[in-house]
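Novice: In order, the protein sequence lines correspond to chains R and H. In case it helps, this note's numbering puts the first sequence at residues 27 to 160. In case it helps, this note's numbering puts the second sequence at residues 27 to 160.
Any given hint might turn out to be false.
Calculated cross-link-like contacts (lysine-lysine; reagent style BS3-like; alpha-carbon spacing at most 30 angstroms) [unchecked claim]: (1) H:K92 x R:K151; (2) R:K92 x R:K79; (3) R:K70 x H:K107; (4) R:K107 x H:K70; (5) H:K151 x R:K70.
Just the calculated beta-carbon pair ranges, DEER-fashion [what the hints assert, rightly or not]: (6) H:S104 x R:S146: 17 to 27 angstroms; (7) H:A131 x R:K139: 41 to 51 angstroms; (8) R:K144 x H:Q133: 30 to 40 angstroms; (9) H:Q80 x R:A140: 40 to 50 angstroms; (10) H:K139 x R:S74: 39 to 49 angstroms; (11) R:K86 x H:N113: 21 to 31 angstroms; (12) R:A140 x H:I134: 37 to 47 angstroms; (13) H:K151 x R:V152: 19 to 29 angstroms; (14) H:Q133 x R:I160: 32 to 42 angstroms.
Derived by calculation from the structure, the hints in this document are not laboratory data. Note that the coordinates shown come from a computational prediction; the quantities given were computed from them, not determined experimentally. For each residue, glycine too, the CB sits at the ideal point set by N, CA and C.
Number of protein chains: 2
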Amino acid sequence: MQQYNRREFIAAASLVAATPIINDKMTHNSNASQLVHHVFFWLKNPGSETDRKQLIEGLKTLKAIKEVKQLLIGTPASTEKREVVDNSFDVSELMYFDNVEGQNAYQIHPVHKAFVDKHSHLWEKVIVYDMQVI
Amino acid sequence: MQQYNRREFIAAASLVAATPIINDKMTHNSNASQLVHHVFFWLKNPGSETDRKQLIEGLKTLKAIKEVKQLLIGTPASTEKREVVDNSFDVSELMYFDNVEGQNAYQIHPVHKAFVDKHSHLWEKVIVYDMQVI
């Protein structure tokens, strides 16, 4: 049986701890430094189907940005209205970046800036969550 | 050239409008009724690495639930601290379900209930966003 000294054992244990969680159910490309950017929009006129559609059309333009690896657009789901569920938003975008640098490049990309210039009059509130996948 | 009457045209146009947005950059399985369930946790003891790890280990158990099609676990990313960015959460889980029924089944699944029973003492606040992909 191979023997390890304490230092070797600690080094090996650290490696295991640093291994990214790869869920075997995941079918999309995953990597250790993957960043999820989830944005929720509350419209100034939440009853306006026109405004909602205009925002959604604007969001679709963002997939032209090469750093945006995946883009999903959505609206509140009809799940149970539990106390912890915030279903008050109107539109949501969920994006994947390879890393923080990709997200930084996206923020200053002309297509993103044009989207904000053209559509920011539509929303009253925005909340952004940036999640580093571990 | 094939001719269409007004009724046929409207029917065809409706079909196009109902087609889900499939981003060609998306590599994970996508379908029209896909539901994204994004949960943010604020720990009672945000400075406790033990509590954070315990919550993350608990979240990993949730992938055993067959309705959970994908699971990502994360912590706040080191993106720029803009006014709209909420990076105050401690841990986040991002799940994909095929539809609302899948999410409902998950809520009452014994593995999910066991997770809540064992870990809810760790968190002070939870916010859930359920997004219907369009």
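Novice: Work down the list of hints and note, for each, if the structure agrees.
Specialist: So, going through the hints one by one against the coordinates:
With a C-alpha separation of about 36 angstroms, the suggested pair H:K92 and R:K151 falls outside the 30 angstroms cut-off, and the hint is violated. With a C-alpha separation of about 24 angstroms, the suggested pairing of R:K92 with R:K79 holds against the 30 angstroms cut-off. Restraint check for R:K70 and H:K107: the C-alpha separation of about 24 angstroms stays at or below 30 angstroms, so the hint holds. For a cut-off of 30 angstroms, the pair hint linking R:K107 to H:K70 stands: about 24 angstroms separates their Cα positions.
The hinted pair formed by H:K151 and R:K70 meets the criterion: a straight-line CA distance of about 27 angstroms does not exceed 30 angstroms. The hint said 17 to 27 angstroms for the Cβ distance between H:S104 and R:S146, and at roughly 25 angstroms that hint holds. Look at H:A131 against R:K139: about 42 angstroms separates their beta carbons, and that is inside 41 to 51 angstroms. Separation of R:K144 from H:Q133 is about 39 angstroms and conforms to the stated range, judged on CB atoms against 30 to 40 angstroms.
With their beta carbons about 45 angstroms apart, H:Q80 and R:A140 fall inside the hinted range of 40 to 50 angstroms. Distance hint for H:K139 and R:S74: a CB-CB separation of about 40 angstroms, consistent with the stated range 39 to 49 angstroms. A hinted range of 21 to 31 angstroms holds for the C-beta pair R:K86 and H:N113, which are about 27 angstroms apart. At roughly 45 angstroms, the beta-carbon separation of R:A140 and H:I134 lies within the given 37 to 47 angstroms, and the hint holds.
For the hinted restraint 19 to 29 angstroms between H:K151 and R:V152, the CB-CB distance of approximately 20 angstroms keeps it satisfied. Under the hint 32 to 42 angstroms, the C-beta atoms of H:Q133 and R:I160, about 24 angstroms apart, miss the expected range.
Hint check: violations occur at hints 1, 14; the rest are consistent with the structure.
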